[in-house]
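Chemist: Quick mapping for you: the protein sequence lines, in order, are chains H and X.
Just add 5 to the spot in the first sequence (first one is 1) and you have the working numbering.
Just add 26 to the spot in the second sequence (first one is 1) and you have the working numbering.
Honestly, the hints are just simulated from the structure, not real lab data.
Remember, predicted model here, so these are calculated numbers, not experimental data.
Be aware that a few hints might be false.
Said to hold, decoys possible - Listed next, the in silico SDA-like pairs over lysine to any residue satisfying Cα-Cα at most 20 Å (straight line):
#1 H:K21 x H:D53
#2 H:K83 x X:L49
#3 X:K87 x H:D107
#4 H:K83 x X:E40
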Amino acid sequence: MFSSIKARFQNIGTIKALCEGAERHAREDGQRDAGAEHFLLAAFDLPDGTARRAFAAIGADSAGLRPAIERQYADGLKLVGLDPTLSDVFAAPAPPKQKLYDAAPSGQAVMQALAAERVGHRPLLGAHVVDVVAGMPHGVAARALRVMGIDAAALQAAALNIIREKQAS
Amino acid sequence: MVDLNTLPDPDDPESGFAAVIALRRLADGLERRAVRSALRQGWSWVRIAQALGVTKQAAHKRLSDVPTGDETP
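Pulled out of the complex, with its shape left as it was, chain H reads as follows (with noise of 0.2 Å):
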């Protein structure tokens, strides 16, 4: 009983945490609204160190996703014969937003699919977000983890299995 109440506490400061941080990576992204990738990045910056650990245990550096994202819009701009450095030339980060939170439909997707399964949560884990990420087939999160070379349904075994660890010790 107390440990539910005391999961469900710790749940709220981590989903805070995910939206400030997955909105401060779309500002700094020059975007406006935080999409599925944006929270993948979120998730890194999570204390809890799993969403890290479970790209690590399938071999892949977490640190380079971002640089897979940016070239997801450079290698767009290409692919219709643009300059792709074009992509990095207005790309200035957005202002912080007056209105309430709102994140684009790929975010949104995000925290619906963590609501959905909030019952299994105790508590919450970076880990979590990525199982979800990696369990989107398509948009710039999945694009950017195909670049990366990631299996993404490795990715959430690994994810899965750091869950079950975490929440048997």
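Please arrange chain X on chain H, whose structure you already have, making use of the hints.
Modeler: Only chain X this time, still in chain H's reference frame:
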């Protein structure tokens, strides 16, 4: 000049969407830079909206957070 032969294969939607996202991000950045410049030159939101081909309300809602660089701290 864009070489049409380099455009994404229409049968490869994943590449097409990647290009769309990159172009949208580029267009957003270009738009914000132009609005910042217009505001610095004293353009009204009515004029900015007309130049962008949207309503004043739509322009203001989407772009009113563009900093002009002249804000007092």
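Chemist: Now look at each hint and say whether the structure bears it out.
Modeler: Going through the hints against the structure:
Distance hint between K21 (chain H) and D53 (chain H) is fulfilled; the C-alpha atoms sit about 15 Å from each other, no more than 20 Å. For a cut-off of 20 Å, the pair hint linking K83 (chain H) to L49 (chain X) stands: about 10 Å separates their Cα positions. A hinted pair counts as satisfied when its Cα atoms are at most 20 Å apart, and K87 (chain X) with D107 (chain H) qualifies at roughly 15 Å. Simply put, K83 (chain H) and E40 (chain X) have alpha-carbon atoms about 14 Å apart, close enough for the 20 Å limit, and the pair holds.
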